[in-house]
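K.L.:
Listed below, chain by chain, are the residues.
There are 2 protein chains.
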Amino acid sequence: MRAAVLRSGNLVVDDVEDPAPGFGQVLVRTLACGICGSDLHFMRHASRMVELSGQLAGPLAGPSLDLSRDVFMGHEFAAEVIEAGPDTVAPPAGTVVTSMPVLVTFDGIVPLAYNNDFPAGYAERMLLSAPMLLEVPNGLLPQHAALTEPMAVGIHAVARSGIRAGEAALVLGCGPVGLAVVAALRLRDVEPIVAADFSPARRELARTLGAHEAVDPREEPGVEAWRRVDGRRTLVVFEAVGVPGMIDSAFRDAPPGSRVVVVGVCMEEDVIQPFFAIAKELNVQFALAYDPTEFAGALRSIAEGEIDVTPLITGTVGIDGVPAAFEDLAHPDAHAKILVEPG
Amino acid sequence: MRAAVLRSGNLVVDDVEDPAPGFGQVLVRTLACGICGSDLHFMRHASRMVELSGQLAGPLAGPSLDLSRDVFMGHEFAAEVIEAGPDTVAPPAGTVVTSMPVLVTFDGIVPLAYNNDFPAGYAERMLLSAPMLLEVPNGLLPQHAALTEPMAVGIHAVARSGIRAGEAALVLGCGPVGLAVVAALRLRDVEPIVAADFSPARRELARTLGAHEAVDPREEPGVEAWRRVDGRRTLVVFEAVGVPGMIDSAFRDAPPGSRVVVVGVCMEEDVIQPFFAIAKELNVQFALAYDPTEFAGALRSIAEGEIDVTPLITGTVGIDGVPAAFEDLAHPDAHAKILVEPG
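Chains as they are written, first to last, in numbering that gives the first Met the number 0: chain A, 0 to 342; chain B, 0 to 342.
Where hints are given, some of them may not hold.
The list cannot tell twin chains apart, which means a pair is met if one copy fits it or any two copies do.
Below, simulated SDA-like cross-link-like pairs (lysine to any residue); rule was C-alpha separation at most 20 angstroms, straight line [said to hold, decoys possible]: (1) 279 - 26; (2) 279 - 161; (3) 279 - 226.
Just so you know, the hints here were simulated from the structure itself, not pulled from any lab data.
Next comes chain A alone, as it looks inside the complex (with noise of 0.2 angstroms):
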């Protein structure tokens, strides 16, 4: 079958092995996938990650990744089930679902992305696991539940923040993280939502999402919109942009005894000014990926109709087109998410 794969640092698209279904495991046909902005980093920081993963003592150790084989990549999927492994009870062919990124496999838990055995969602076909399905409802089309993983990591980072009515947020970064979380405030009466961009498409997809203001950095800084907006309720920052220099200066533009979420993934080090932080004794919560709670909520949410995701959707390619839109995607006004249809 064909396949997206990374190999020696560039995305190629090549024919590989059909992965067969194991105890547990379901074999799908991929409908939809949505470009991530951490396939882009991994792109770029492959070698550090997997370096800095490595120094992650325990548990969080990582996968052993072999950057010099093909890695598979795609965690924002639709799929189509085709069939259950041997003695495994799944939905019947041709049901529409989602799963969390992870398969489970006799030698442990893989993540359906960066790894070097199992196909993701950049290929025709995958493995999943059949007790960490759910079933597409409502009719919803698969393009709009692959987005159900990025609006996970939304309702995640907002959970994390312990963020509640009466208080106000901003978002810095209305990429397809940063867009998420503004839905997740929306979704909890968060008023008011202020985000910040460079990018005018961007803004104004904040601002369909459910932001109440939003605002160019180089014109206005972020804060300065929250003070001019409302500047009373206590604030809590999301940083959603992660690249060097947005911890620090969130640091340095947050209100005194305000919250700052990471959800940003910065790989790169980092410089701060901890009296800043000190100073104002900011509470800085940084956040990862989502529970299954997160994960079921998230697609339960798009298909009642609580989060429109189609204006996120800008763009869509087969399989041979994923090398040009991960180009595209350097261009975040032109885009914020392309889908992957390896039909």
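Since the structure of chain A is provided, determine the placement of chain B on it from the hints.
P.N.:
Relative to chain A, chain B alone:
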């Protein structure tokens, strides 16, 4: 009167003008004043501290401090009332008092330390605000009451951490701040409390103040010691060293999902790897100072014998001895807290 002042980067002892109490103010005779690590930090980083304070907007902008003029320091004190200002209700002369180190004036609130105009604890006499005076109870020695301020820093950091019974604590650094954190943790019956410091004398002090285990991090990293003696409870890590690299080291070592409380004041730029904090979803609470309730609580805990500060006092000098005492404090193994007795 005599005072030790910071002049052109050096501590010198000289005659300064006697202060006269205005409305709401009380003239007091300084009985004892602790030398704080912040004062040593300040001597080393004064211009940087002034520059960074200037970058903080609004009410946190800090006092305008002129480093070309004499700077008064000494903010951990007990004193004896001499006389109240006009129309001011105050305890009678001879009453032993302590106070949060701030003075209310018609021009605003002045910190009693790091200001150009109002002598602080390294002077024979100073002004305090009548409404802020706390009488030293139970015949407590002024030398012990002077440690109210550093103990309040520990009580505040522990309160900020939200640590609960059933959670474990690791305290990195057993200078006066780290030791105050240990004492405050013991007050809350936290167990185990693991402390880490290079200095054998400071490790011994940590044990005296309530640490269940104290290790040399060159021989056994603090987190490893926690694993050895407990390893099961949720861990709260208190960073009480305040030099570059410590925050990143705490990020690297802290177990997944743990909380890091930064109570050491690092005045320099610092490099972190956000990836470690993100992958483990750490929560980082920066803590500074205390509130009036915590300050009064610290005095009460010392007076009632819940915290025995006696072993912390490793030296006593007169005003003339302040410059030499600052140099002695550069050798952490010889000293914890040196008291100045200006009388």
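K.L.:
None of the hints should be skipped; say for each whether it holds.
P.N.:
Results for each hint:
1. Taking the shortest Cα distances, residue 279 and residue 26 never come within 20 angstroms of each other, neither inside one copy (52 angstroms) nor across copies (32 angstroms).
2. For a Cα distance limit of 20 angstroms, the shortest separation of residue 279 from residue 161 qualifies both inside one copy, at 19 angstroms, and across copies, at 18 angstroms.
3. Taking identical chains as interchangeable, the C-alpha atoms of residue 279 and residue 226 lie at most 20 angstroms apart only when both belong to the same chain, with a minimum of 17 angstroms there against 32 angstroms between chains.
In this structure, only the earlier hint numbered 1 is contradicted, and the remaining ones agree with it.
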